[in-house]
Every structure is written in C-alpha cells, then in structure tokens.
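J.: The chain contents come next:
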Amino acid sequence: MTKVAMTVNGAPVSGDIEDRTLLVDFLRGELGLTGTHVGCDTSQCGACVVHVNGDAVKACTIFALEVEGGEVMTIEGMANADGSLSRIQQAFQDHHGLQCGFCTPGMVMSAAALLKEVEMPTEAQIRDYLEGNFCRCTGYHNIVKAIMAASGQDVSRIAAE
Amino acid sequence: MYRFEIARPTTLQEALTALKEDEAQALGGGQTLIPTLKARLAAPSVLVSLARIPELTGVCIDDAGRVCIGGATTHARVARDCAESYGALADLASRIGDPAVRNRGTIGGSLANNDPSACYPAAVLASNALIVTDRREIAADDFFQGMFTTALDEGEIVMEVRFPVPERANYQKFVQPASRFALVGVFVARFADSVRVAVTGASEEGVYRWVAAEEALSGRFSAEALSVLDVHADGMIGDLHGAPDYRAHLVRVMTARAVGSA
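Chains as they are written, first to last, in the numbering used here: chain A, 2 to 162; chain B, 21 to 282.
Isolated chain A, as found in the complex:
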C-alpha cells in the first residue's frame, strides 16, 4: 500500500491505496464521490471525466498515484457555493440536456473544460470537443444547446431535432 495525497474539490484528501488504483476508483471507492461515473472503463465514453490540474482527463485511465500532490475537480465540486446549480448544470436542466443522466457528470466536466478554453464556442466546436463523451439517450442536440446557452449565446432559435 502506498500513501497518496491530493486536493479534491478544494479539500485536502489522502489515502492508503494499492499502486494500481485508478483515480476513478480512489474517488468513488475511497472518498465516496460517486458522481464520477464509470461507463465503459476503456477511456471511450467519457462518463468519468474530471479535471486534473485544470485539464479534462478520463479518471478511468489515470492512476491515483499519478495525481499525487495535484488538484482534482469532480462533478461534486461544480455547484455554486450556496449549493445552487452552476451555470452549466442549470443550462443542462433548462434545455433538457440529459435524460437518464449517466453521462451527465462527464458531459458537464468536459463542457466546463471547453468553456475555459473557448468562451463562445460554435456548435461545431462543441460537437468536436465532446468527441470523447458518449450519450445514449439525448442524441446530443440538447447537450450542445445547453452548452451554447451556458456560454451566454442565444439558443431560442435553435429548434430541437
């Protein structure tokens, strides 16, 4: 067992783990942060996307020990300080950007990473950025719409397909 310490959603955390422990298993199993989901476990689907030192990564394809000393942000850290939904989360709700919700944590984390890079992304940029996030319910249209809305763009003229 090896000791690991990092910051998760602003709070210092640590644990004694096997070296082969994936970040997602550390978050879910050790810290009880089950908002980060495991969909495919093969780095395809993006349900496990979290931010490590500000970058979107797939938590199923990085070892917890690789994040030693780093800063992790998960979906649990996305809400506003008063507990209300963040701008992106609220937009997903307002625009029906989720159905079963399984992919949503990864979608929100990817969306947050995109909006940090590109303030006002085009539809094409959003679809391109979500290449590694799968949703099997919505057909993506309302997810794209929600992200455009979250970036402050007028989506009233975008019809649902």
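It is worth saying that the hints were derived from the structure and are not from the lab.
Don't take every hint at face value.
[What the hints assert, rightly or not] Simulated restraints on C-beta separations:
hint	chain 1	residue 1	chain 2	residue 2	range
1	B	Glu157	A	Cys41	34 to 42 Å
2	B	His269	A	Ala6	52 to 60 Å
3	A	Lys117	B	Glu104	33 to 41 Å
4	A	Asp129	B	Glu244	25 to 33 Å
5	B	Ala63	A	Thr43	16 to 24 Å
6	A	Val39	B	Pro184	40 to 48 Å
7	B	Ala62	A	Gly102	29 to 37 Å
8	B	Leu61	A	Gly33	30 to 38 Å
9	B	Tyr266	A	Cys138	49 to 57 Å
10	A	Arg128	B	Thr30	34 to 42 Å
11	B	Ala198	A	Cys138	17 to 25 Å
12	A	Glu118	B	His261	24 to 32 Å
13	A	Asp129	B	Val231	31 to 39 Å
14	B	Ala212	A	Ala6	48 to 56 Å
Backbone N, C-alpha and C define an ideal beta-carbon position, used for all residues, glycine too.
Given the coordinates of chain A, work out where chain B should sit on it, guided by the hints.
T.: Just chain B now, kept in the frame of chain A:
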C-alpha cells in the same frame, strides 16, 4: 489489472535505474498502456512514470531550426506550442483521440508503442525526424520496424523528437470514428530538396513511406502527379472497418488531399 508498483522518478537517472528492474515498463500518459493492463495483456512488475522528469517535457527550437519536443509532452501541449513553429504537426496532434486523451497521451508513448494506426509515426517519418533516446539518436527511417515494433531496446526512453520543419506539409486522416485512430492517415512533407510521404493505418507492417509518390511529387508537387500510380492491396490491413483494397484506395485519396492542402 495484475498487481504492480508505480515508480515516480523526478530525474532521468532515477528513471533509468528503475527501468532496469525485471519486468519494468515505462509509463507515458497511459492512454494505451492502461487499457492494455486492464485487459491483462501486460503484466509489468513496476511502471516507471516519466511524467515528473522536467527535461522530458516541453517544446523548443534548436539552433538548426528544428522543433524539439520532449518525449513526455502531451498531444494537447504539442497542439498548442507548435501551432506557430510547425502548423501541420500541431494540427495532427490536435486531432488525436479526444480532448481528455490529448491531455494525457504523450508523443514518446505513441512512438514507443508504434500502433499501426497511430498518427504521430506518420509525422515523424514524413518529417525525417530524429528520435533522441537516453543512449543514442535514431533516424525515423530506422526507428519504425513493423507493427508495434521499434528500434528501442528494453528500458530505452524516448527523450526528445527533433523535427526538421518542411516548407509545406499536411496531414490527412480518414478517421475510424469509434477509435479515433486513422483508418488511413497520410502525412506529406515538402522540403527544399525532397518530398516525403508517410502512410499510417494502412499497412500490416505499420507506418511506411510511399516512395513512388515521393518520386512523382518531387517532379511535380501536385495531386495530378499521383494519378498514374497504383496502390496495391497486398499487405494492407483488412478488418471490419475496411478491406485491404479499400485502404489501398484511401492511401491515394488521402495523399492527394494532403498535397492539395499542404
């Protein structure tokens, strides 16, 4: 995954020492290695992470004008930091996998793995890049030795890749949409005195130079110069995503597009 330990050296010397252990394996960004470990297709005793060694990360330009990329540099960083100095390479890096994969995957890891459908080998081979390891320098023409096989010895680390910058270059990738790898990808690089064309995703031997196209394009750098060339299906990869003759056809189509966009 089978049980293993993870070493996190902060100097090259520590890494090389750790890699001398029996069944030690270097860990770059892990975007191929970790899925491989999960499938129990590899059973290392220790993974030696190269992510914390400062001299293995970053992009610079050397005195000869070459773009030099540290082996542990991520695709995302190459896409960002090479946009000015080598646009075609940055463009290639910006289309590997997806954003989360690009934030972890490294150029050294990709080259050491030499997946027959990976993008970077095409850029390295077409650019006539030099691969600098902890013990020697290897020319691109000598580095790639067939599917998942390279000139690297056990425990040898890709420290840096030095790219001569062509006058014109372009990478065209016909994406296999499920994996985001290239079904066929072609990198064309035109230098003052030569043209080099490297093809990935097509051959069962992995990345290769399409010499006939290089000769034709050296005479006339135009897509029409390729029209007289035949690409044979012999030795091309055939799988559920594309038959050998389909890939052979794509080689010429993607080369023509790369020439047109270079």
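J.: All hints are to be evaluated individually against the structure, with a verdict given for each.
T.: Hint by hint, here is what the structure shows:
1. B:Glu157 <-> A:Cys41: 34 to 42 Å: Holds, at about 40 Å.
2. B:His269 <-> A:Ala6: 52 to 60 Å: Between B:His269 and A:Ala6, where Cβ atoms are some 54 Å apart, the hint holds.
3. A:Lys117 <-> B:Glu104: 33 to 41 Å: Check failed, 22 Å falls outside 33 to 41 Å.
4. A:Asp129 <-> B:Glu244: 25 to 33 Å: At roughly 32 Å between Cβ atoms, B:Glu244 and A:Asp129 fall inside 25 to 33 Å, so the hint holds.
5. B:Ala63 <-> A:Thr43: 16 to 24 Å: holds, 18 Å
6. A:Val39 <-> B:Pro184: 40 to 48 Å: The hint (40 to 48 Å, Cβ to Cβ) holds, given that A:Val39 and B:Pro184 are roughly 43 Å apart.
7. B:Ala62 <-> A:Gly102: 29 to 37 Å: With a Cβ separation near 35 Å, B:Ala62 and A:Gly102 satisfy 29 to 37 Å, so the hint holds.
8. B:Leu61 <-> A:Gly33: 30 to 38 Å: holds, 32 Å
9. B:Tyr266 <-> A:Cys138: 49 to 57 Å: At roughly 33 Å between Cβ atoms, A:Cys138 and B:Tyr266 fall outside 49 to 57 Å, so the hint is violated.
10. A:Arg128 <-> B:Thr30: 34 to 42 Å: holds, 40 Å
11. B:Ala198 <-> A:Cys138: 17 to 25 Å: Holds, since B:Ala198 and A:Cys138 (Cβ atoms, about 19 Å apart) stay within the stated range.
12. A:Glu118 <-> B:His261: 24 to 32 Å: Roughly 31 Å apart at Cβ, these two residues keep to the hinted range, so it holds.
13. A:Asp129 <-> B:Val231: 31 to 39 Å: Since the Cβ atoms of A:Asp129 and B:Val231 sit about 35 Å apart, the hinted range of 31 to 39 Å holds.
14. B:Ala212 <-> A:Ala6: 48 to 56 Å: Given a distance of about 53 Å, which is inside 48 to 56 Å, the answer is holds.
The earlier numbered hints that this structure contradicts are 3 and 9.
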